[in-house]
Amino acid sequence: MRTPSARRPKRNALRGDKRRSPNIGDMRKELNMPATVGDVLKCLKRMSDVIHENKEYLTELDSAIGDADHGTNMDRGFQAIAKKLPELVDKDIGDILKTCGMTLITTVGGASGPLYGTAFLQAGAALAGKQELEPGDLLVAGEAALKGVLMRGKATLGDKTMVDALTPAIVALKEALAAGAKTAEALEKASIAAETGMKGTIPIQARKGRASYLGERSIGHQDPGATSSFLLIRTMAETAHEIRVQGA
Amino acid sequence: MKKLINKPEDIVKEELEGMALAYPSMVKVSLEPKFIYRADAPVQGKVALISGGGSGHEPMHGGFVGKGMLDAACAGEIFTSPTPDQMLEAAKKVNGGAGILYIVKNYTGDVMNFEMAADLARSEDMKVQNILIDDDVAVKDSLWTAGRRGVGTTVIAEKITGAGAEKGYDLTKVADLCRRVNASGRSMGLALTSCTVPAAGKPTFVLGDDEIEMGIGIHGEPGRTRMKIKSADELTEMMALSIIEDGDYSRTVHEWDEKKGDWVDVTLVNKAFKQGDQVIAFVNGMGGTPNIELQIIYRKLNEVCEKKGLKIARNLIGSYITSLEMQGCSITLVRADQEMIELWDAPVKTPGLRWGI
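From first to last, the protein sequence lines stand for chains A and B. Letter by letter, the first sequence follows residues -10 to 237 of this note's numbering. Letter by letter, the second sequence follows residues 21 to 377 of this note's numbering.
What the hints contain is simulated information worked out from the structure, not anything from laboratory work. Incorrect hints may appear among the rest.
Examples of chain B residues lying across from chain A (beta carbon under 7 Å, computed) [claimed, not checked]:
1. G129
2. V217
3. P218
4. Q298
Backbone N, C-alpha and C fix where the C-beta goes; we use that ideal spot for every residue, glycine too.
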C-alpha cells in the first residue's frame, strides 16, 4: 500500500509555485483514463476482503431463508481468488477474470459457484486480450456477466435472487455512461441501483433456489445472493473512486 | 453446540480418510478433488453410477459406494453441492466404457454443477445421462419454486438403479430405470430440532420446546409450516396421507438428448398412489432421532398403508439420509413393480447398506 506521503503532489520548488503541478492521478481523473491490470487486481483483492468481512452477515441472511452456507462458500471462493492474484500480474484482464471464474466454480459449490463463476467467465471472455478497461468495456463485461447468470440460473427479475441486484445495476451503469458519467460515477450509480434492488428483495416471495421451498415464509427476508452481488458492485465503485481520488 | 470434530474446515477430508481406513475392501478415496469410489473401479463394461451432494447427509452418498449401488460419490462441503471438477474426476476414475449416470438430487446447485460436469465429461468422450430425483411433496409445484426437492427416494433409486447397472443394463435402460423409480416415489419430512452447520456455529433455525417444523428438506433449512408437536401417530398419519393423497404431479426437467446432442426440456409425470399398489416403505431418521421412535412411526405407517389399500412389499428403517444431528424423520413410499422389487433384493455391499453378500 502506498503511503499518503507518496501521493502528495510535488511542489514545483524552483518556481515557488503554490499551485499543484499536474501529476498522473490528476490527469487520469480529468481524462477518465482506463483501468489497468493493477486496478483490476486491486479490485479483486478488495472484493475478497469485503466478502470476508461480511461472511457472518451473509450466513445470517442464508440461515433465515436457506441453509446457512452462503457466507462460508463465498468466502472460500474469494479467498482462493485472493491467493491466486500474485500469479496473475502478467496476465491480461480477460484471463484474470476467467481464472477467477474457474476458481469460483471449483471452490464455491452450491448454486453460487456456477452462477458467479459463469459471470466472471463471461466477463473475462468479453474482455479477452485487454490490458486496459475503458468505461465502455465495463459495460460490455457487465452485460456479458449478467447474460451468463440469466442463462445458467434462468431466474427473472422479481424471483428474489442475485438477478434483482445485478439487473438494475447494469441498467444504471448503461444510463450513467450514456449520459457522459466518468467510470467512478457510473459505478457509484450502479452500486446505488444494486442496493435498491437488494433491499427490494425483502418483501418478495422467493421463486428460485432454496428460499423458494419456504413459500410465503421467505417474505420479509433479504436475499443473500442479491446481498453478495451488491457488495461486489459496491466494492467496484469504491475501488474506482479510490483510484480516481488517489491517482495512478 | 458440542460436536465431535476437529477443525470445521477439515471435517469432510477427515471423514473421507476415516471411510478409506474403515472399509478398504469396499471403497477408496480421492482427497483432491474429493470423492469416494468403488475399490474395484473401474468395472469394465458396466454403466458407472455417480451421485454426490453436500456432506452432512451420511451415510448418503459416500456410504452407498460399492458393489450393487454407487460407483462413486462426490463430497461437497457441508450442505453445499460439490463442484464439476469433482464429478469429472470421479467419472474418469470409474468409467467402465459403458457410460456414466449422474443421479442428481433436485436442488438448484446440484443440478447446475452436475450439468456442467456432464458437459465436461462428454467433451472427454464419455456418454453421460443426468437423472433428477424430485420426490418431496412438501413443495407443492415447480412453477413458482425451484421444484420438488430430492430426498428419501434418492436412497431407493441408488439401490435399485445400482442393481440394474450391476446386472448389465445399458445406459439407456439404467437411465429409464432411475427415472421410473423417481416417478414412483414420494416423501415428506418433519423436524423436532434444526441442526448446527459447524462453520456457522449455531442452529440454522430455532424451534420452541413444543414446536415442530413440517415439510423440511435435508439441509437444516426451515420447512413449510411450523406447528405444535402432536403424538407420533398423529404426525405419522399427517405425513403418510400427504404422500398417499398427493395427486398426479407434472413438471419439466432438463435431460440430455443423445440424438440431438443438446439439453432438452422433458415433461415428467408422477402418477398418484392408488389402492392395490405395492410399495417399498422407507422410514428415515434425520440423524438425531433414536431408532425406538422410528419403529413407532413405522407401526403407524403400516396401519395407514393398510387402511389406504397399499401393500408394503419391502421396508427400510433407519438413518440413511440425514441432516447432521437434526431430530426428525421422513417417510418415503415408492410404488414398486416386480422388476424393482427384484432389484431391491439384489445383493449390495456398501458401508451403509449391505445384504446378500
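Interface hint outcome for V217(B) [beta carbon to chain A under 7 Å]: 5 Å, holds
Chain A contact restraint on P218(B) - CB to CB distance below 7 Å: 10 Å, violated
Interface hint outcome for G129(B) [beta carbon to chain A under 7 Å]: 4 Å, holds
Chain A contact restraint for Q298(B) - C-beta distance below 7 Å: 30 Å, violated
When each numbered hint is compared with the structure, violations occur for hints 3 and 4.
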